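Whole structure, please, built from the sequences with the hints as guidance.
Protein sequences appear in the order of chains A and B.
Under our numbering, the letters of the first sequence match residues 1 to 125, in that order.
Under our numbering, the letters of the second sequence match residues 1 to 241, in that order.
Honestly, I wouldn't trust all of these hints.
[As the list claims (entries may be wrong)] So, partial list: chain B residues that the calculated Cβ filter (under 10 Å) puts toward chain A: (1) 28; (2) 83; (3) 96; (4) 103; (5) 108; (6) 115; (7) 145; (8) 162; (9) 163; (10) 172; (11) 189; (12) 196; (13) 214; (14) 229.
Keep in mind the hints are simulated off the structure, nothing from the lab.
Since this is a predicted model, take the numbers as computed values, not measurements.
From the three backbone atoms N, C-alpha and C, an ideal C-beta is built for every residue, glycine too.
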Amino acid sequence: MIAAFALILVCQLFGEVISELFSLPVPGPVIGLGLMFIGLLIKRKPPKELTDAADNLLMHFSLLFVPAGVGVITQIDRVKSDWLPIVASLVISTLLTIAATAFLMSKLLPKAPANPTDTSNEGAK
Amino acid sequence: MEPADLTQLWVYLSTKPLTGLTITLVAYAIGFWLYQKSNRNPVCNPVVIAIAIIAAILHFTGTPYSVYFDGAQFVHFLLGPATVALAVPLFRQMETLKRALPVIVFGVLFGSLMATVSTVAIAHFLGASTETLASLAPKSVTTPVAMGIAKEIGGVPALTAVCVIVTGIVGATLGPAVMNLVGLTDWRARGFAMGVGAHGIGTARAFQVNQTAGAFSGLSMGLNTIATALTVPFLWHWLFG
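Okay, here's the thing in structure tokens:
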């Protein structure tokens, strides 16, 4: 568990370094994701310890957005002046983007080999 | 205990990182419990409930956000490692990825443009200031990147942060309902759309429902970050520059 977590942090650290060094618009953790993915491609069979650590981290991924989300309260005054265009555009655009993208991808993605809509593994494992 | 003592106790406790951390976990646990109770109704989003509970506590106790964040930062920190960990579910989808790479790239570009252009167009039509438009444009990517883009094109990064969170919450709570309405059942397409439209919060929601959806959401979220970071500044200077 410790080794797996250390490996994840190392990927993130390298990601941050690359992002800073080349002043890329992509944040360090996203580059770290890429590095980890390349590592998995090379290794082919990822160690169970690593996949367990990753699954555990992702099981409650949404919890991790709470602290930043509470930060919304610090910006309420700023939103007041332009609230209608902000709220309307955010809601309409987001739902439009999700519906249109899902529609496009359901038409374009090749049919999955087995259980195309597997509800079998409902919930995070 | 006298009310005065209670206030003093809170003043003491609120300076400890432990309090912010505990409040975060307890509020989320309550949110998740309500979510389960509601038969996993997406409108009972655990993130939204947790944010509402914590915001109410901070408001009624007069605690500044920065004091709360001293403790909550331990949870916030894990966002980085969790983003890296998305490589694992992504790797599990390797077979689909290999077969559908051009489609995936096209889908991300489509979603990225759709999100940016429709937000700016609607807000512009409703009379938002140029500064607000620039703050709204990058709303569909993860917070740090969105703030960077907003700064580059003349927006207010703090306002962008709010727009990003609201986008994620709207997408995670209402997105599934809209997709159900139009009869889209492919978990891959559904997850993909959540990642493009509602970044990490949408991805978190996708993981709660289905592993495949989560993996595709993580994939499109990552690619969308890159696509948006490259296209928005270019589009902005072309349209308003």
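Each hint, compared with the structure:
1. 28: 5 Å, holds
2. 83: Where the cut-off is 10 Å and the nearest Cβ of chain A is about 4 Å from residue 83/B, the hint holds.
3. 96: At about 7 Å, which falls below the 10 Å cut-off, the nearest Cβ of chain A leaves the hint on residue 96/B intact, so it holds.
4. 103: 4 Å, holds
5. 108: With Cβ-Cβ at 9 Å, under 10 Å, it holds.
6. 115: Holds, because the Cβ-Cβ distance from residue 115/B to chain A comes to roughly 4 Å (cut-off 10 Å).
7. 145: 6 Å, holds
8. 162: Given a least distance of 4 Å, the restraint on residue 162/B holds.
9. 163: 6 Å, holds
10. 172: Holds - the Cβ of residue 172/B comes within 10 Å of chain A, reaching about 8 Å at its closest.
11. 189: Since chain A brings a Cβ to about 4 Å from residue 189/B, closer than 10 Å, the hint holds.
12. 196: 5 Å, holds
13. 214: Residue 214/B check passes; min Cβ-Cβ to chain A is 7 Å, inside 10 Å.
14. 229: 4 Å, holds
Going down the numbered hints, you'll see the structure goes against none, and every one checks out.
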